[in-house]
Amino acid sequence: MLDAFFQGFTLLLRWDTYMYIAAGLAVGMFVGAMPGLTTILAMSVLLPISFKLEPMLGIPFLVGVYKGGIYGGSISAILVGIPGTGASIATTFDGPALTRKGQGRKALEMALYSSTIGDTLSDIFTLVMIGPIAIITLMVGPPEVFAVIIFSLVLIASVSSESGLKGAIAAILGMGLGFIGTDAATGSTRMTFGLEALSAGIPLIPLAIGVFAIPEVIEAVESRAVRFISENIDISKAGERLRWSEFKKSIRTILRSTAIGTGIGMVPGVGQVVAAFIGYSAAKRASSHPETFGQGELDGIAGPEAANNAVNGPTLVPLLTLGIPGDNVTAILLGAFVAHGMRPGPQIFQEQGPLMYALLITIVFANFLFIFLGYVLLKPFARAIQFKKAYLIPVILALAFVGTLSTGANSDVIIMVTIGICSYILRKFKFDLAPLIIAFVLAEPIEYRLSQTMLYARGDIFQYLFVQRPVASVFLAAAITWSFYLLFGPWVRRRLKGRLA
Amino acid sequence: MESEKITSNLVTPAMARAEVGIALVLVTTSAGLSIFMPDLIASGGIRSAQTFITLSPVFFPRLAFGLLALLSIGYVFKTSFQIAGADDTTNNSDRFFRAGTMVIIAISYAMVVDVLGYGASTLFMTSVIALFLGLRRWRSVLSLSILVPVMIRFIFERLLFISLPRSEIEWIGTFEDMLMVFLTGLLLGH
Chain A
93 MLDAFFQGFT LLLRWDTYMY IAAGLAVGMF VGAMPGLTTI LAMSVLLPIS
143 FKLEPMLGIP FLVGVYKGGI YGGSISAILV GIPGTGASIA TTFDGPALTR
193 KGQGRKALEM ALYSSTIGDT LSDIFTLVMI GPIAIITLMV GPPEVFAVII
243 FSLVLIASVS SESGLKGAIA AILGMGLGFI GTDAATGSTR MTFGLEALSA
293 GIPLIPLAIG VFAIPEVIEA VESRAVRFIS ENIDISKAGE RLRWSEFKKS
343 IRTILRSTAI GTGIGMVPGV GQVVAAFIGY SAAKRASSHP ETFGQGELDG
393 IAGPEAANNA VNGPTLVPLL TLGIPGDNVT AILLGAFVAH GMRPGPQIFQ
443 EQGPLMYALL ITIVFANFLF IFLGYVLLKP FARAIQFKKA YLIPVILALA
493 FVGTLSTGAN SDVIIMVTIG ICSYILRKFK FDLAPLIIAF VLAEPIEYRL
543 SQTMLYARGD IFQYLFVQRP VASVFLAAAI TWSFYLLFGP WVRRRLKGRL
593 A
Chain B
790 MESEKITSNL VTPAMARAEV GIALVLVTTS AGLSIFMPDL IASGGIRSAQ
840 TFITLSPVFF PRLAFGLLAL LSIGYVFKTS FQIAGADDTT NNSDRFFRAG
890 TMVIIAISYA MVVDVLGYGA STLFMTSVIA LFLGLRRWRS VLSLSILVPV
940 MIRFIFERLL FISLPRSEIE WIGTFEDMLM VFLTGLLLGH
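Residue numbers (this note's numbering), protein chains in the order written: chain A, 93 to 593; chain B, 790 to 979.
Rather than coming from a laboratory, the hints here were simulated on the basis of the structure. There is no bait here: all hints are sound.
Derived, one-sided and incomplete: chain A residues facing chain B with beta-carbon distance under 8 angstroms:
| no. | residue |
| --- | --- |
| 1 | Pro-140 |
| 2 | Ile-264 |
| 3 | Asp-275 |
| 4 | Thr-278 |
| 5 | Val-313 |
| 6 | Pro-486 |
| 7 | Val-487 |
| 8 | Ala-490 |
| 9 | Phe-493 |
| 10 | Val-494 |
| 11 | Leu-497 |
| 12 | Asn-502 |
| 13 | Val-509 |
List time: in silico DSS-like cross-link candidates among lysine-lysine, alpha-carbon distance up to 25 angstroms:
| no. | chain 1 | residue 1 | chain 2 | residue 2 |
| --- | --- | --- | --- | --- |
| 14 | A | Lys-589 | B | Lys-867 |
| 15 | A | Lys-193 | A | Lys-341 |
| 16 | A | Lys-193 | A | Lys-471 |
| 17 | A | Lys-193 | A | Lys-340 |
| 18 | B | Lys-867 | A | Lys-522 |
Where is the CB? At the ideal position from N, CA and C, for every residue including glycine.
Could you put the whole structure together from the sequences, leaning on the hints where they help?
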């Protein structure tokens, strides 16, 4: 493992990798700063570009979009109180208040520094921990992987939507879409309805673009507003720069939030939004003057921003070691890995160790570019968020079509638009579609692992899973219990309350 | 923007009824797929792999869609109770009209991209959306409509080698090819 780590360093001496990371960061920051657009939209639309590049260029490019997007969301959150991404909602508690006090520039710089520190430290943690975790995962067999995937899916479905029921429906719907095409175990084709275009299954690109880009385009035109935000932004009036003495006071908050974000990042499905809120409330609780929070407190920026960016690195741990994407962003990254001929899972560090380490070290180094670009691009992006929708929407739709057409099958645009319209309808009814895309990419591994487990079980699957494989049984029992609690818990509580009353 | 989203997510009686409809569609589709799953498996595959200790191709999809049908029944009940409580009077007709228009534009774009090719269809799509979203200066509409397809086509075809559909109408295809050759010579020198 250590050999692979050092070999990874030799792959780093490429200037083009950093050029693509810089491009990814810039695109991510721009999209993240636009209140109507999301990072996942940019990632899904730009996914085909990464396919055309080498793994050492394509994957860092997508990671750059991801990192930049999370930070970009804080620009509009601070300046006008409209979060560019969900991860920046907690930043709106103190950001606009600081801007009103003439300290917008300080808040933006605090967001940049805390985001970069949170990201860098969590990436280093990931780099150090992923090797030993990969060794442990090598010891687990198909039943354990199957059980962990099921447990993760239940967890993701339960925390992503407003109700566990909608999360579960989205997840199973995604799994159903994943079953279309050729069955991995037996080679039979299923649910193609006689359509040649579906015989190889629904490709990830049209699905990802349909699920994430098309609904956002439709939602963006719903209102008659000409721009995403109507407020006038003048960064030259955003006040003074952040002083070292002010930054020093927030270092403890940044480190605390980094630890929170790192922990949350390793749990599938929880994500940046939760991390940012916990980071904010932890900063408030630890503060000697909690009453100033919400009225323009720099710690109120440092807390959520360090926490939401610290999630980025550790989400790669379950993805790379078990092949389980913890959120929609890592589901897209999984697609990129697979397209480059790498199947994340227990074996990946044995088969592609140097490349994996090179990618992880690149992600750490990307943070230096992040801080530089974040500083340089702050002004132009603060101005760019006032772009007219009429200029941006056609470009996004045109790029969505290019992305889909890049698969080589023109029929995929019909699949993409159909999925997009269905996704828009589901989003209108408050379905979070992250479980759908995660379950889609996990459908094949679930079925394949269960097939392997059934072979090992030789007919008695329940006895094998629940008696002979204790680790698998713990995860499966937890998944079943959690599912029942989510589905019937509210009903049982209502009944008990009624009886007590 | 955020406040707009919140307004559109409030439950009006029409939305509550539509949600019940969606839930019913989910129930019938998933139950139908679960019941008729054996008929949806095409013949073929490795017969020897389909023994009693291995997974049949029917098993997992049937289980998943059966589970989805059960969950959707729960969703029908949950949404049915919401109809009585839906008292938001916000008029969302304009929002739905605009969303519907965008859906029609996207479908039309998907339909014509094969016939007109990527360049011409994107030119039409861009100008229609620009006008729909309130861009009225003809110079802006024209320059945007020309720049978007030309730049995207150049970047993706000539720099990233992603081929895009060529127009079935010969003169459009020839014109686009000539334009790309000219731009390649001008910007890349070959």
